[in-house]
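Novice: So the sequence lines, in the order shown, correspond to chains A and B.
Anchor point for the first sequence: position 248 equals 248 in our numbering, and the numbering is continuous, going up by one each time.
Anchor point for the second sequence: position 362 equals 719 in our numbering, and the numbering is continuous, going up by one each time.
For the record, the hints were derived by calculation from the structure and aren't laboratory data.
One or more hints might be untrue.
[What the hints assert, rightly or not] Within a straight-line C-alpha distance of at most 30 Å, the following computed DSS-like cross-link-like pairs (lysine-lysine) qualify:
1. Lys268/A x Lys282/A
2. Lys785/B x Lys765/B
3. Lys16/A x Lys33/A
4. Lys790/B x Lys754/B
5. Lys856/B x Lys135/A
6. Lys654/B x Lys575/B
7. Lys218/A x Lys98/A
8. Lys487/B x Lys380/B
9. Lys573/B x Lys71/A
10. Lys325/A x Lys33/A
11. Lys33/A x Lys324/A
12. Lys862/B x Lys135/A
13. Lys754/B x Lys785/B
14. Lys484/B x Lys754/B
15. Lys157/A x Lys856/B
16. Lys654/B x Lys440/B
17. Lys380/B x Lys440/B
18. Lys862/B x Lys157/A
19. Lys684/B x Lys798/B
20. Lys856/B x Lys153/A
21. Lys218/A x Lys71/A
22. Lys282/A x Lys33/A
23. Lys153/A x Lys862/B
24. Lys733/B x Lys765/B
25. Lys856/B x Lys218/A
26. Lys218/A x Lys862/B
27. Lys788/B x Lys754/B
28. Lys810/B x Lys575/B
29. Lys157/A x Lys234/A
30. Lys324/A x Lys282/A
31. Lys380/B x Lys684/B
32. Lys98/A x Lys573/B
33. Lys455/B x Lys440/B
34. Lys16/A x Lys324/A
35. Lys218/A x Lys573/B
36. Lys218/A x Lys575/B
Listed below are the residues making up each chain.
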Amino acid sequence: MQTRFSSMLLLHMLEKVETFRTPRSVYHIVTGKRSAQTLQDARWFHLDHWFHIYPHWREAAFYTEIDAALKTGWLALEEEGMYSVTPAGRAQLQMYQKDQPFPAAVNGWRFAAGSRAFWPRLHLAVHTLSHLAAKETSFRPAEGSAQVQQYIKAWLKGQRSTYQELAANLYSELERMLQELPASSAASAAGRLSGLGMSGRTLGQLAVSLNLEEERVKIEWLNALHFILQTLTKDPGDYPLLASLAADILAQPRLTYSASQTYRLLQKGMNLTEISAHRGLKNGTVEDHFVEIAGEADDFPLYEYVSPQIVEHVRQTVNDLETKKLRAVKEAIEASGQVVSYFQLRLALSTGEEMKR
Amino acid sequence: MRMSLEEGLHRFFGFENFRPGQKAIIEDVMHGRDCLAVLPTGGGKSLLYQLPALLSDGLAIIVSPLIALMEDQVQELRAFRMKQAVCLHSGLSQQERKVRLHAIESLKLLYLSPEMLSQPWMQRLLKHQKLSFVAVDEAHCISQWGHEFRPDYQMLGHVLEVFGRPPVLALTATATPAVREDIYTALRMKENARIHLFSLDRTNIRLFGESVMDEKEKQTRLFTILHHFQRPVLVYVMSRSRAEALAERAAEALNLRTAYYHGGMDAADRQNIQAQFLADELDVVICTSAFGMGINKPDVAAVIHYHMPSNIESYMQEIGRAGRSGKDSAAVVLYAPGDENLPHDMMLGEFPPPAAARMLLEDTSLHGALLTEVEKQAQGIGLSEVQARYVVYQLFKAGCFHSTNEMKQLSRPAVENVVRELSDRIMKRRKEKEAQIEEVKAYILFTGCRRQKLLAHFNEETVLQDASICCDHCLAVWPPGSEKVRDREDLSWQGRLQKLLLPDKRSNEKGGFGHE
Ligand SMILES: Nc1ncnc2c1ncn2[C@@H]1O[C@H](COP(=O)(O)OP(=O)(O)OP(=O)(O)O)[C@@H](O)[C@H]1O
Ligand SMILES: [Mg+2]
Ligand SMILES: [Zn+2]
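For reference, chain A alone in the conformation it holds in the complex (with noise of 0.2 Å):
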């Protein structure tokens, strides 16, 4: 039987919340749930990569998947409706992956809505300038939605190359892009465009010709889709027609409704009591919105609200102890003399990045 990457990913997801969380905050990662508990464990335990590539994950097929595991004897179950992973999950985690690596560019994170909004414009465009270069101008749009259509309309018109031409230019920039990605992944995202005289691919087609199941086939594509999203932050000038489709895009931190509201607040030089009364919210849920930000936005103003000593000393004693409970990391800090709040502690933290080690 083949293993499955869903399995594999959770053993992975487990074994770095260790005992602190339960799955149920796994699967909340998983399915992109936006609460801040949430978003903070994502970033906390470094699972940011995976934070919203399953949406559709049921409940109880997850929790399926969690007594698979049991049974098999990868995971065991702890105190608390804890899990740990077994020496034998682990084995079987490292076998995984060491002959099929969890696909790197994949960063649900940043790029799960970005990734969602790009493919339908990706797919549009290919599919109309396969039809547009062959001088074939009667086809059916290959992306339903009406908005992605007038999007790509209106793309089009902005550009001044002839449509062979701009195919051309979108084939060598594709061709380029996914040069760049395992075999599988490049096959998967080409797989599934379309245009003149050749359909786009289901999964399952995919997953037959290129041995591997369906679900991970899936992340194949979507770690091409977040891969090209990645490259076109960093060096937008190297395909200016992949760029373009997705300029506005990337242009957004990707923040919660009320959260993307408190920032507008923010940007306008409110502070946070001001922000609450404005909006006629709890100071907590605005706190909640700050470390939304914090994680999210490079211009958050996050000494206004905790020293850099303090940041520091909160990053040193997660490291010294381990440990990622609020409690631990508060009752630690406090020891050694300093005062510091749970709004800070998750503010310090909430920048995950300088954590790793």
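Since chain A is already given, all that's left is putting chain B with the ligands on it; use the hints.
Specialist: Using the frame of chain A, we list chain B with the ligands on its own:
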């Protein structure tokens, strides 16, 4: 004045012309002649009784072997606003039967199973109706099942006498001369009965056979075909559990809408699957022989036998689901060494051990017991339902029951005699069925023209048609459209992108692409 046949055809069914043979047969039926009509699958046999029934005074009885088939036909008629049709079968409650028969005087078509027709209450009811004629659809069942498992088929001739012998129309698509003989006798057809024989060849079904190493390879092959081929597709298997397992795996592996169908499912589930299939909601149905007979879906692209059928008649019948709209379609049978054991074991399991007859006949508590009680007791001593029915029916035929259907008490030598005869009979039937299985195997492994081989079984000679659409050995290719898909898939991702976005590349490569 009565409507002309053409008017009726147009008015009730919306068809412009009769298909070959239809008009002559319908005229015979309208004139009250007994008829045996042998037309290919999809040839339009239903019309042969539906139209005369609608045009005649009185009620036409349609004897049909499967509940699903009856329900389907009645629903279709009703959909065309012909509300004077109902069906009755064992799956209905007493209440439902009453409702359906409520306006029997105004009915034109009554679909019944042979078992239902044998019920005394049904016979009493029908005796007082004016019957226009009795049609026996899928009449080969008389021969295939009538001998042992559905004895009521053998009783049909007798039942007809009860109704004052209305005209009989027997219909089938799979009748060898021997089967025709069986039908003839069982229905006690009149000497001047007409036989309408047409070629059974389904020219738009290309015939394929493939040998594989083992089960694993077979499954891979099946999935590959399902993956590349047009849909919908029917896949026949021998066992219920295999149908379920394969359906699950196919759904997982192929991202196709897949379902299974077998006799072990409850009636509602079976009806659902059939309805989904007819409504194009399924790509693949993995089924046992319980599915398909008479089912009329125009666009089935292929029928694949994952396990070989038990005889050529069933094969003919089952592949006849394909290509009914006239479009190119395919029939594929997959074979792995030893596959013949499956139908063989199943066949053996249908026969009871002859000693069971002795146990029943010597059971003093059964002397004077009714046939149905004996059958129950037969199951009590460990026979399966099928075996029990078989043994009791054989005892009945051997004269072990009084005319009141109560079991006789026989002397010891008489019992031994019955057991010996039963044992001989089972031996004989086993041999016959083994030979039928061998015939199927021979067809699969045959290296000449499959069409000729298949039709030879029905005593028919074929004129070689276009070799490219005949069979694998005549070098037929898969129906158009299916191979191209395969070409595309072998493209690398770079090749795919090129074809999508570089039109010049596309036209350059056209020469080597596809084949038609
Ligand atoms: N005269 C006709 N003109 C056009 N279509 C017809 C005509 N007669 C029958 N048909 C259509 O042909 C199709 C097949 O008919 P039918 O189901 O009666 O076949 P059949 O001979 O009973 O096949 P099977 O042996 O598989 O049961 C139906 O869709 C039917 O409506
Ligand atoms: Mg029929
Ligand atoms: Zn041939």
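Novice: Give a verdict on every hint.
Specialist: Hint check:
1. Lys268/A x Lys282/A: Measuring from Cα to Cα gives roughly 20 Å; hence the hint holds.
2. Lys785/B x Lys765/B: Given pair Lys785/B, Lys765/B holds - Cα atoms ~26 Å apart, limit 30 Å.
3. Lys16/A x Lys33/A: holds, 18 Å
4. Lys790/B x Lys754/B: holds, 21 Å
5. Lys856/B x Lys135/A: Status holds; Cα separation ~14 Å.
6. Lys654/B x Lys575/B: holds, 27 Å
7. Lys218/A x Lys98/A: holds, 20 Å
8. Lys487/B x Lys380/B: Status holds; Cα separation ~24 Å.
9. Lys573/B x Lys71/A: The given pair, whose Cα atoms are some 27 Å apart, holds under the 30 Å limit.
10. Lys325/A x Lys33/A: Given that 30 Å is the threshold and the Cα spacing comes to 20 Å, the pair holds.
11. Lys33/A x Lys324/A: At roughly 20 Å apart (the allowed maximum being 30 Å), Lys324/A and Lys33/A satisfy the hint.
12. Lys862/B x Lys135/A: holds, 15 Å
13. Lys754/B x Lys785/B: Within the cut-off at roughly 16 Å; holds.
14. Lys484/B x Lys754/B: Holds, because 26 Å separates the two Cα atoms, which is no more than 30 Å.
15. Lys157/A x Lys856/B: holds, 24 Å
16. Lys654/B x Lys440/B: The hint holds at about 22 Å.
17. Lys380/B x Lys440/B: holds, 24 Å
18. Lys862/B x Lys157/A: holds, 26 Å
19. Lys684/B x Lys798/B: holds, 28 Å
20. Lys856/B x Lys153/A: holds, 22 Å
21. Lys218/A x Lys71/A: holds, 26 Å
22. Lys282/A x Lys33/A: The hint holds at about 21 Å.
23. Lys153/A x Lys862/B: holds, 26 Å
24. Lys733/B x Lys765/B: holds, 17 Å
25. Lys856/B x Lys218/A: holds, 23 Å
26. Lys218/A x Lys862/B: holds, 29 Å
27. Lys788/B x Lys754/B: Roughly 21 Å separates the two Cα atoms, so the pair holds.
28. Lys810/B x Lys575/B: Judged against 30 Å, a Cα distance of about 24 Å means the pair holds.
29. Lys157/A x Lys234/A: This hinted pair holds, its Cα atoms lying about 26 Å apart.
30. Lys324/A x Lys282/A: holds, 26 Å
31. Lys380/B x Lys684/B: Since the Cα atoms of Lys380/B and Lys684/B sit roughly 24 Å apart, the hinted pair holds (cutoff 30 Å).
32. Lys98/A x Lys573/B: The hint holds at about 27 Å.
33. Lys455/B x Lys440/B: holds, 16 Å
34. Lys16/A x Lys324/A: Between Lys16/A and Lys324/A the Cα gap is close to 11 Å, so the pair holds against 30 Å.
35. Lys218/A x Lys573/B: holds, 26 Å
36. Lys218/A x Lys575/B: holds, 27 Å
This entry satisfies every hint, going by the numbered hints stated previously.
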